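Protein chains: 2
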Amino acid sequence: VECSYFKILLVGKALNSCHATKPGMLNVHLVPHTHDDVGWLKTVDQYFYGDRNDIQHAGVQYILDSVVDQLLKNPDRRFIYVETAFFYRWWKQQTDDMQNTVKQLVNEGRLEFVNGGWCMSDEATTHYSAVIDQMTMGLRFLNDTFGHCGRPRVAWHIDPFGHAREHASMFAQMGYDGFFFGRLDYQDRNRRMVAREQEMLWRASESLTPPMADLFTGILPNGYNPPEGFCWDQSCDDPPIRDDPDLEDYNVDDVALVYKTNHIIMTMGSDFQYENANLWYKNLDKLIRYVNQMQSNGSEVNVLYSTPSCYLQELHRANLTWPLKGDDFFPYADSAHDFWTGYFTSRPALKRYERISNSYLQTCKQLEVLGGPISRKGPFGAGDSETLKKAMAVAQHHDAVSGTEKQHVANDYARKLANGWAHCQVLVSNTLSSLSGSSAPRVYCEHLNISVCPLTETSKKFSVNVYNPLARPVSWPVRLPVNGTAYIPHSIPTPPQVVPVSQATAAVRRGRGYAVNELLFQVQAPPLGYSTYSVSLLQNGPPSPPSPLPRAPTAVQNKFLRVTFDPETGLLSSLSNLETQQTVKLSQNFYWYNASDGNNSESIQMSGAYIFRPNTSTPFIISKTAKIETLQNSVVQEVRQWFSPWVSQVVRLYTDSRALELEWTVGPVPIGDDLGKEVISRLDSSINSSGVFYTDSNGREVLQRRKDYRPTWNLRQSEPIAGNYYPINSRAYIKDDKDQLTVVTDRSQGGGSIQDGSLEIMLHRRLLYDDVRGVGEPLNETSDIYPEGLVVRGRHLLSLSPPATAADTHRPLAQEVVLQPLITFTDGELHPSTRLEFSGLQAVLPPAVHLLTVSQWDQDTVLLRLEHQYQASESKEHSQPVTVNLQKLFSTLDMLGVSEMNLSANQWKDEMTRLDWKAESGTHHTGVTNQLCLLSPLGCVKTADLL
Amino acid sequence: VECSYFKILLVGKALNSCHATKPGMLNVHLVPHTHDDVGWLKTVDQYFYGDRNDIQHAGVQYILDSVVDQLLKNPDRRFIYVETAFFYRWWKQQTDDMQNTVKQLVNEGRLEFVNGGWCMSDEATTHYSAVIDQMTMGLRFLNDTFGHCGRPRVAWHIDPFGHAREHASMFAQMGYDGFFFGRLDYQDRNRRMVAREQEMLWRASESLTPPMADLFTGILPNGYNPPEGFCWDQSCDDPPIRDDPDLEDYNVDDVALVYKTNHIIMTMGSDFQYENANLWYKNLDKLIRYVNQMQSNGSEVNVLYSTPSCYLQELHRANLTWPLKGDDFFPYADSAHDFWTGYFTSRPALKRYERISNSYLQTCKQLEVLGGPISRKGPFGAGDSETLKKAMAVAQHHDAVSGTEKQHVANDYARKLANGWAHCQVLVSNTLSSLSGSSAPRVYCEHLNISVCPLTETSKKFSVNVYNPLARPVSWPVRLPVNGTAYIPHSIPTPPQVVPVSQATAAVRRGRGYAVNELLFQVQAPPLGYSTYSVSLLQNGPPSPPSPLPRAPTAVQNKFLRVTFDPETGLLSSLSNLETQQTVKLSQNFYWYNASDGNNSESIQMSGAYIFRPNTSTPFIISKTAKIETLQNSVVQEVRQWFSPWVSQVVRLYTDSRALELEWTVGPVPIGDDLGKEVISRLDSSINSSGVFYTDSNGREVLQRRKDYRPTWNLRQSEPIAGNYYPINSRAYIKDDKDQLTVVTDRSQGGGSIQDGSLEIMLHRRLLYDDVRGVGEPLNETSDIYPEGLVVRGRHLLSLSPPATAADTHRPLAQEVVLQPLITFTDGELHPSTRLEFSGLQAVLPPAVHLLTVSQWDQDTVLLRLEHQYQASESKEHSQPVTVNLQKLFSTLDMLGVSEMNLSANQWKDEMTRLDWKAESGTHHTGVTNQLCLLSPLGCVKTADLL
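Listed in order, the protein sequences are those of chains X and P. Quick note on numbering: the first sequence equals residues 4 to 950 in my numbering. Quick note on numbering: the second sequence equals residues 4 to 950 in my numbering.
Worth flagging that the hints you see were computed from the coordinates, not collected in a lab. Treat the hints loosely; a few may be bogus.
Unchecked claim - Straight line, CA to CA, 16 Å or less: simulated EDC-like cross-link-like pairs of lysine to aspartate or glutamate:
{"hint": "1", "chain 1": "X", "residue 1": "K25", "chain 2": "X", "residue 2": "E303"}
{"hint": "2", "chain 1": "X", "residue 1": "K76", "chain 2": "P", "residue 2": "D72"}
{"hint": "3", "chain 1": "P", "residue 1": "K76", "chain 2": "X", "residue 2": "D72"}
{"hint": "4", "chain 1": "X", "residue 1": "K76", "chain 2": "P", "residue 2": "D99"}
{"hint": "5", "chain 1": "P", "residue 1": "K76", "chain 2": "X", "residue 2": "D100"}
For clarity, every value in this text was computed on a predicted model and none was experimentally measured.
Could you put the whole structure together from the sequences, leaning on the hints where they help?
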């Protein structure tokens, strides 16, 4: 099949699928499109079928039916489609004839895929590994179905609420030629409009050699909507073009008049439009005909059907230089008091569930490769990773993990993830059975974070399997709910400990478990492999272990860290790194901002699912003092802090750890006072941070943030708190010349550094008003188990280091939080022949290299992604080129060949030919350091006949 | 072209365009349809184009686009289309290819036209002549375009608010095999459901021999909507059928369950649905597939795509006997306090404008025939009757003349009529110029009813042309506004009179005229012809004629009638027929009902555009006495009554007239007291009417009405006034053995006889609330000229006769009101060669025969309709067979041949083969009298090569 678009890119001639433009005229590119949220006000299923149209009229099956019909009626017409989650589903229901028809439309460039991931991911709250997965899944479907004619050339993020640099970097590495979006800060847009900088070259990585992460980026003129008066969708009320000369209101001339202003792309469509595409196309046909007819009367406006790639091609032909962009587009404000920084934290429980589901999916995919075919059809039945892959892919949508969907939709995302887990559990059981030689039923405990596990609570003898998805060995503290007072875990170096379950944990279990104690021991697990531990009850019933002592500690410490507490308040008072001999003053407490209810004089904006707007800039303290209990044994030291009936925390220092763990529990947030609350944890330190702090971008590269400042324009700050909040995906830090305090989070959260030395992270939000951005519900989460308001528990891991070596700690630390071990159980005695330990790797990978992806591609092929995980210059030791020998990597796989692909695995690396763009000189971007090994960070390899 | 449907009707075999049914099963006929109002909340243009979708989402152009597309996708699918006003417009915009495609769909029975008139006419307020015209126009388009395959077999009035017997009679004579509707009284429906009488044989005329006016009539099970839960239009919210087994909510089984109940037709559609037909058909396809699949599991339900004619065919095959229906379906109530009897009067000015437009259109069409080709392209330019034909056709719609549209839509109907008048005026000028030999510019005065005519007000010499559209000579009083005090009209038998303009008239002119006097003289005009009168000013300026005397008259009389007044009150006190020597006591006055505002305890129904609901059963009197002036001369005697600033009346007796004229002027109806008002004129007489009165049906046959009674069920009366109101199109009467008092109206109005001897007619309505039937506006008419409320003027003509001869008076009287002379003017001296008189007929038609239609059909053919205008038994002299010799009818046309057609002129009479239906015996219907001549009442002839 000839594919006209690609032909021109290779031979440099005109795109024969793009309509000719007229050089001397204003060419208006009309781009018919629909924006189909993969869940928002309705679930993804409801959107596909057009169910629950009482909530919102939207039915994607009909959109695709209708658009294809209408494209066939006039070969001039064009359409772009974006969300493969929907397209894939529709495709499956089509006849062979229809599929062939659509292939023809794609080959002729009449139907063009843009973006093409499974969904249009959120950019603030997604982790790069999950984004790469979802993009890969969508693009693979297009590649498998349409070949190279179906490969999107343009990334298209018209709706996400701010834009991450890491996303741009990924898109560049996925081979996209350009990127268009709709939302950016209103001040930024205004400046760019004046300066004509609405199109730019985004240099999206400080570590990759240009143009590897350079991405041409354009801002759409009208968000993603049609210009006012030109919305002809069924859902719109604009007057149609009436060309019957019998009629009174002949408005064709009026319509044409509006076109004298600019040379632009016009997005002719919006949310779920084109369900009845005839309305759009019939009027667009007329518009084009009547406007272009006026050329014979001297008009210099030329209107044409177009697509983003045809428009991009024209921009490229212009052969201009473009301004460079080095930072990102966070935070997004659409008006002075309307900062979209609330969703960085909204629905913290869903955000955590999504994050551990990613960990679980990576494990599941690894075990699918390591187990081979038996993983999918083994002793425990049919298992698969596909279900969880799809659930994770839709969860990346910009109204999914972002927390900006309706409650019933959030429930549906969680339900889909749980269903994915169930399918993966069968696969994991099959593989572990195969690798260990034991077919004992495998038990999963998903509520260990609140000390619930029916098996360990009741069994006198069980085994614990700890699978480690990282390419290096890990040591990990295991905490199991038990009712005995003494246990023997076999083959454990440090003696196991039994400690009482905290009152905070007992309070949130709500009948789901009754363990009085926790069994605590440190385990080791090999790279890409597991260790197995047997546990036997030694002593049951009383005497129970000594209760924790209600006393004020002065300090806890291990060989790496020392933490002191203020005996008056029970709060942290200092943190020391004993290896580097550095100490900072450090206190920590919980506060809440009073969410604006819209009743103030400046503007009526309320805090809501999207928007964070505190009523005052000073948060309310929850308690100046904490009641505390302490607990100390050979594995861990804990200071349990109780602040209020709805806020508690455990400050925990494991014997082997370089990080201090703060396990916070917040909720149900009280609203009896009719005040919405946005709860933060705030660290106040002696670090001289000078108005600067740092946050990661999608869990990967780190960006500097400066208070009341934006790198590319002269900010007029109008929201002193919300306007200084940024997304924290996996870490944030403050530093001065000597000390860097890093916090690693277990999910995406929003945060800021409002005072020097201070770092605050928002944990939970409970709001009483909708913020009028469409979701139509206040963010006021309850559930069957927590009818009085959701309780959320999470962890912050603190490390203190000299800035020069801080990454050496926080990079591996964050990795362990993102890809955590999977703990599974079997009841009773292990069979003597059971293989207790296994590693899928022949050798540990170098510390700088992260094994990002191991996933079965097809029967004989595995998709492997190796990543250099250190940013340029952040580590003297690790920010260096590094080489990996693939031949000796896996222990169970024979590698017969390797082919390198682009990041999204839909193009061979050596066929990747992106458009070249010229950057303006003298831009404010920092120099670029090449620190890449041959295999390249985020590069991927595809092997053939591996097994 | 073979047309499958008609083939079977002729040969008696199965319809091959109808899907096979299953004899042993419940067959559910799914009829996809759209109901497209020819104006309602939006104008007809706005509906066609989909403009003003902010008012209501509706765009008919897209409906037809979409339905044709979807029919092509699956040959099983069916659709019916109803309103030719829209279809015609869409058809004109299609390519030849598309037109051929649609022809194929029609030939194969996949697209079926039902009803097929230009619109779906109102049944309460339309005059039969205008209904026949609009039906003829729509059916002709279908016939010309699609031939016999496009001829509708089924009449389909799913929305009109009650059903007229005369409509059923017309449909039968138009060749329809059956009739379906949706709205009838809720008590009637309930009884019919219990008695299984929802299908019946309507014997729709007392005058025509059965089965000539017999019409099989079916009541649709769910109005015209789909059953609850099965609305799959874009505008609906019902859940789609989700057949993807991956999904949670697999509801196909639930959907099928609902189908166990009945053997029915299901109307799958509603107002302006199928704009995106894919939604409907995709789900209907699935419904049919899944429900019929269940037959293999024992289900006895068979679902099929169908049309009303396929369904009708199955009913006919059942070979049952059906109950007979003899009366009509008025009034319509959808609940105990919700009688749709307000619209009988709503928008009285529009109703009058529609009625005189009909008169004007008949004249225009006659003069098009009489003038020949010069009429359309003569000295005054291009004229046509087509524009007014179309305007009149859309005005018949059940939200047009009914008065139930929004104000801006009512304005649009009036604007369209005015535009039609303008086109006809050119045609009339051309023809009159041709017939008279004078090319003097012709002047039209459309406001003679309020004494406004710039020409006569200022000219010293002018001529008056009086064209009479009736087939018999008429005598007519002409009243012209003048400023002189004496005039000489040449060749007038009775001396002309000059009388002062009444104060009531002066008050409503609002600057549109300044005449102080009216010139009054009786004119004669020949059948289908004109007379011309020259008028010269004799005396200008003062002395003005004597002012009318403000005295209380005791009586006025001419040689036919005597009227007495009560000197105390100024009201009428008696009426005598001097020829028959009969006298009745008769008083008349004006009252208003206080419109319900919904705030009472029984129900919240308000009076509105549709619904009449007085707050109390006793109307409020406007004034017990009238101030009066009298005026008397050789042409007329007038008693001018003044009741209030907003109610006045002239009681007028012309010297040559057998009718007493009551010219009422009502408005602006005051609403300063926040009370909606429904104003009536009430006659109270000594006639012993015994709870019975009579009203005409669409201006033709008369039906008996009995208080608190319905002929076909045991009425529980819940609204003593509104529940006794009926539509009066042209006349109503009360009678006893001796006296019949008949009122002929000049427009459609509602009325009732609440007390014996009493007859009340509603004149005007001004309401403050919407009645929640969709129009969404209170009926509160104002205009630029009457910003404080519309003023309406009209006439009631009273006659008193013995019942046996009353029709001899009221039939011709009503005819003169319906088809009134057209008066036109030329300024200055007439040229001596001017032909002053003309008649298109060689001979006067017999009194029983009305020349209903004379209209150019094509170049060489004229459509002629002759009507026997007397009902069976109503006149000893005239209710008799009568013969007309067509050969010697016209004076200017040579008749070369005649072919008889059905009433709507879309079928040769001798090819008219309707389905035969068996009626149950012993029904309550009166015997039928055949009183038809060979040419038949309402029969029509089509001649070839006439000119």
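| query | Out of the numbered hints, which ones does the structure contradict? | reply | Going through the list in order, the structure violates no hint and respects every one.
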